[in-house]
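Please put together the full structure from these sequences, using the hints given.
There are 2 protein chains.
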Amino acid sequence: MQYIKDLACINCGKTFFPDPDKYLCSDCGEKGLLEVEYNYGLISRDWNPRIISENPDPSHWRYLPLLPVNPDSPRPPLRVGGTPLYRNVSLGEELGLEEIWIKDDGLNPTGSLKDRASSLAVVKAGEAGMKIVACSSTGNAASSLAGNAAASGMQAVIFVPRRAPGGKVAQLMIFGAVVISVQGSYSDAYDLSASSIDRWAWYNRNAAINPYLVEGKKTAVLELAEQFNWDLPDWVVLTVGDGCTIAGAGKALRDLQELEFIKKKPRLLGVQASGCSPITRAWKEGKPLEVCEENSLADSIAVGNPRNWQKAIRAVRDNSGAMVNVSDEEILEMMGLLGRKSGVFGEPAGVAGLAGIRRAVREGIIGKKEKVGIIITGNGLKDIDSARKAAGEPYRLAPDLGRMEEVVLKEGLDEL
Amino acid sequence: MQYIKDLACINCGKTFFPDPDKYLCSDCGEKGLLEVEYNYGLISRDWNPRIISENPDPSHWRYLPLLPVNPDSPRPPLRVGGTPLYRNVSLGEELGLEEIWIKDDGLNPTGSLKDRASSLAVVKAGEAGMKIVACSSTGNAASSLAGNAAASGMQAVIFVPRRAPGGKVAQLMIFGAVVISVQGSYSDAYDLSASSIDRWAWYNRNAAINPYLVEGKKTAVLELAEQFNWDLPDWVVLTVGDGCTIAGAGKALRDLQELEFIKKKPRLLGVQASGCSPITRAWKEGKPLEVCEENSLADSIAVGNPRNWQKAIRAVRDNSGAMVNVSDEEILEMMGLLGRKSGVFGEPAGVAGLAGIRRAVREGIIGKKEKVGIIITGNGLKDIDSARKAAGEPYRLAPDLGRMEEVVLKEGLDEL
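Chains as they are written, first to last, in the working numbering: chain A, 1 to 416; chain B, 1 to 416.
Hints should not be assumed to be uniformly reliable.
Which copy? The list can't say, so a pair holds if one copy fits it or any two copies do.
Here are the computed lysine-lysine pairs in the DSS-like style, where the Cα-Cα straight-line distance is at most 30 Å [as the list claims (entries may be wrong)]:
{"id": "1", "residue 1": "Lys131", "residue 2": "Lys389"}
{"id": "2", "residue 1": "Lys287", "residue 2": "Lys265"}
{"id": "3", "residue 1": "Lys131", "residue 2": "Lys410"}
{"id": "4", "residue 1": "Lys369", "residue 2": "Lys264"}
FYI, nobody ran anything at the bench for these hints, they're computed from the structure.
Printed below as a string of C-alpha cells:
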C-alpha cells in the first residue's frame with residue numbers, strides 16, 4: 001500500500017483514496033470503473049528483477065510491491081500463482097507457428113487463474129473488516145473465492161447462473177460457501193448479487209467493478225514476464241469474458257514498462273466465443289457495448305453483459321492487439337489437440353485462445369515466425385461434460401485378449 | 001543411474017542388472033517384486049541438503065540422484081511435484097490434534113500424486129526404446145500416464161475397470177490415450193493389461209510390479225522432508241490401495257535415513273476404506289493377503305487384489321506404523337471438512353487419510369500432541385459425483401431479493 005498513489009476513474013480521471021471497499025467513481029457510477037495507480041518511482045527505488053529472482057516465495061505474492069494490499073494484512077495461505085510454462089513444438093506446428101508457449105494456470109489451487117484475483121479479494125475484505133465475501137460468477141471466480149475464503153476463515157456467498165456446470169457448483173459447496181443458483185442468466189445472477197451485497201454490506205468480489213481484482217489477475221502476466229526473463233513473446237493470448245483478465249494483462253504490461261523491467265510490450269490477442277462476443281463487436285465497430293445472448297459451451301467466457309469491456313478494449317488498443325471469435329466446435333477440437341500434444345487439460349474457455357491463435361495465423365494477424373505465449377486459464381476437470389463431447393467414448397471390452405487384438409489393429413498400435 | 005547398485009528381489013534377495021524393462025525376479029515370478037538399491041555412499045559424496053536447496057528446479061527431478069533414470073534421458077516436460085504444504089490449525093482442532101500439515105498433491109499436472117510415478121515410467125519406456133506405455137488403473141495412474149505420455153510424444157494404452165468415474169475417463173481420452181473400459185472389476189482390468197503388455201511388448205506401468213514407479217512415488221515424501229527442513233512430523237499419513245504409494249513413502253524414509261538427511265524417521269499411518277481393506281487385514285492378522293470385494297466410493301484405493309501388499313506392510317512395520325479403516329460416510333464427511341477448513345478439494349481416496357487420523361487419535365494410536373503430515377493424493381474435481389454426495393445442493397432461487405432474505409436468515413449470515 002505504501003506504493004499506491006490513488007484510485008483513478010477511467011471515465012473522468014477523478015482520484016480517490018484507496019479504501020478497501022471503494023469500488024466505483026462517486027461521480028460516474030457504473031461507468032466510472034476505478035484503476036489502481038502506483039508510484040512507480042518509489043517502487044523502482046526499492047525493487048527490481050534481481051530482488052525478485054532472489055525471493056524464495058513461488059506464489060504471486062512475490063510481486064507484492066505491485067499489489068494493492070497492506071504488506072502486513074493476513075493473506076489466504078493457498079499457494080496462488082507460480083504456475084508452469086511449457087514450450088510445445090508439435091502444438092506450434094499444428095497451429096502454424098514456430099514457437100508457442102503454454103502457461104497452465106489451471107494448476108492454481110482451485111483450478112483457475114481466478115485464484116489470483118480472489119486471493120486479493122479476501123485480503124481486501126479483511127482490511128475492510130468484513131467477514132462475508134460475495135460475488136456472482138459462471139464458476140471459476142466463485143470457486144476461487146470460496147476456496148480462498150475457506151482457507152482464511154471467511155464466509156463466501158456465491159451467486160451462479162442456472163447453467164453453471166455441476167463440477168464447479170460441487171466445488172463451491174465443498175468449500176462451505178452459501179451457493180445461490182439463480183434461475184436465470186449470468187446477468188440475473190449478477191444483479192441479485194449486486195443488490196444483496198448492497199443490502200447486507202458484504203465485501204464485493206465482482207471483478208468488473210472491484211478495482212483491486214484486476215491487480216490480482218495481472219500477476220499471470222507479471223509471472224509470464226519473469227519466466228521469459230523479462231523478454232515477453234511477440235503476442236500474449238487470452239480469452240475474454242467479463243473483460244477483466246485481459247484488462248489485468250494490460251495493467252501488468254503498463255506496470256512492467258513504467259518500471260522498465262521490459263523493453264518492449266507484446267501485442268495482446270483477445271479471443272471470444274462466436275456465440276457470445278460483445279467485446280469483439282464493440283472493438284471492431286468502435287462503438288459502445290451492446291448486451292447479447294450467451295450461447296457457448298465455454299461458460300467461463302460466455303458473458304452477455306460484460307462489465308469490464310472498456311478496460312478490456314483499452315488493453316487491446318494500448319498493446320496494438322486484436323480480437324477474434326471462435327466457434328464451439330473449434331474450442332472442443334482444441335481441448336483434444338492441447339491434451340494430445342502437451343498433456344495439459346484445459347477447460348473450454350481456457351483452450352479457446354488456441355483456436356483464436358490458429359484463426360489469427362490464418363488471417364495473417366499473427367505471423368508464422370512470431371513467438372506466442374498463451375495462458376490456459378482453467379482446468380479441464382471443471383467441465384467434464386465438454387471434455388466428453390470433445391473426447392468421445394472409450395472402447396468397452398469384455399476381459400478377452402481376442403477382442404483386444406481388434407483394438408490393436410484398428411488403432412494401428414502394432415505399427416508403432 | 002550412476003548411483004544404482006542393482007534391483008533386489010524382496011522375496012529371495014537375488015539381484016539383477018537394472019534394465020528399464022526388468023520387472024520381476026526371474027526365479028520368484030509374481031512374488032518376487034524387485035526393489036531399486038542405491039549406492040548411498042556414492043550419493044553422499046556428491047549430494048546433500050545444501051545442494052538441493054540451491055537447485056532452482058521446483059519439480060521432483062530435483063532429487064535426481066535418488067531417481068533410477070539416466071540423467072541424460074529425455075523427461076516429460078510437465079512440472080511434476082513441488083506441491084504446496086499448508087499448516088491448518090482449525091482442521092487440527094476438528095481432528096483432535098495440535099498440529100496438522102496438509103500437502104496438496106492434487107496440484108500435480110494431471111491432478112494426482114500418480115504423476116510422480118508416471119513421469120518415471122515414461123522416462124524408463126524411452127530408455128527401453130519403446131513407444132507404447134500401458135497400465136491398468138482405477139483412474140489416477142492412468143490419467144497421469146496418459147498426460148505424461150502425451151507430453152513426451154508417446155502412445156498410452158489404458159485399461160480401466162467399468163466403475164472408473166467419467167471425469168477420469170474423459171481426461172484420458174483428451175490426452176489421446178487408447179482407453180479400454182474392461183467390463184469387470186479392477187482385477188479383470190489388471191489381468192487384461194498384463195496379457196496385452198505381454199502379447200505386444202508394451203512398456204509396463206503397472207506400479208505394483210514395475211520397480212521404478214515406487215521410486216517416483218517416494219518423491220512425495222522426499223519433498224515433504226525438504227519442506228519440513230529435514231525434520232519430519234511424528235506421523236506421515238497416506239491412503240492405501242495397491243500399496244505402492246505407502247511403499248514409496250517407506251522407500252523415501254529408508255533413503256533419507258541411509259543418507260543421514262534425517263535424524264529420525266516418522267511413523268506411517270496407512271488408511272484403507274472399510275469396504276475394501278485387504279492390506280489392513282493382512283497387517284493386523286500377520287497373514288498373507290486374501291483377495292476381497294471392492295466396495296467403496298473411494299475408487300482410487302478400492303483394490304481387492306493389491307499387487308504390492310508386501311512392500312506396503314513392510315513399509316508400515318519398518319516405520320513403527322499402523323493401519324486403520326474408515327467408512328465411506330466418514331470419507332464424504334472429510335471431503336467437506338477439508339474443503340471448509342482449508343480451501344483444498346480432495347478426492348475421496350485423497351481425504352480418507354483425514355478420517356483415518358481422526359480414528360487413530362480416538363483410538364490412542366496418534367497422540368494429541370503429536371505432529372502429523374498428510375498427503376492429499378488426488379484432486380476432488382476428478383470425482384464430482386462423490387463431491388455432490390458430500391456437499392449437497394445449492395439454493396435454487398428466482399432473481400428476487402425477498403427470497404434471498406430467507407436464505408440470509410436461515411444461514412445466519414446477518415449475525416456474522
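A quick look at each hint next to the structure:
1. Lys131 to Lys389: Between copies only: 28 Å across, 40 Å inside.
2. Lys287 to Lys265: Cα proximity of Lys287 and Lys265: one copy only (26 Å, versus 67 Å across).
3. Lys131 to Lys410: Answer is between; shortest inter-copy Cα gap is 17 Å, intra-copy 59 Å.
4. Lys369 to Lys264: within (18 Å within a copy, 56 Å between copies)
Consistency with the previously given hints is maintained throughout, with no hint failing.
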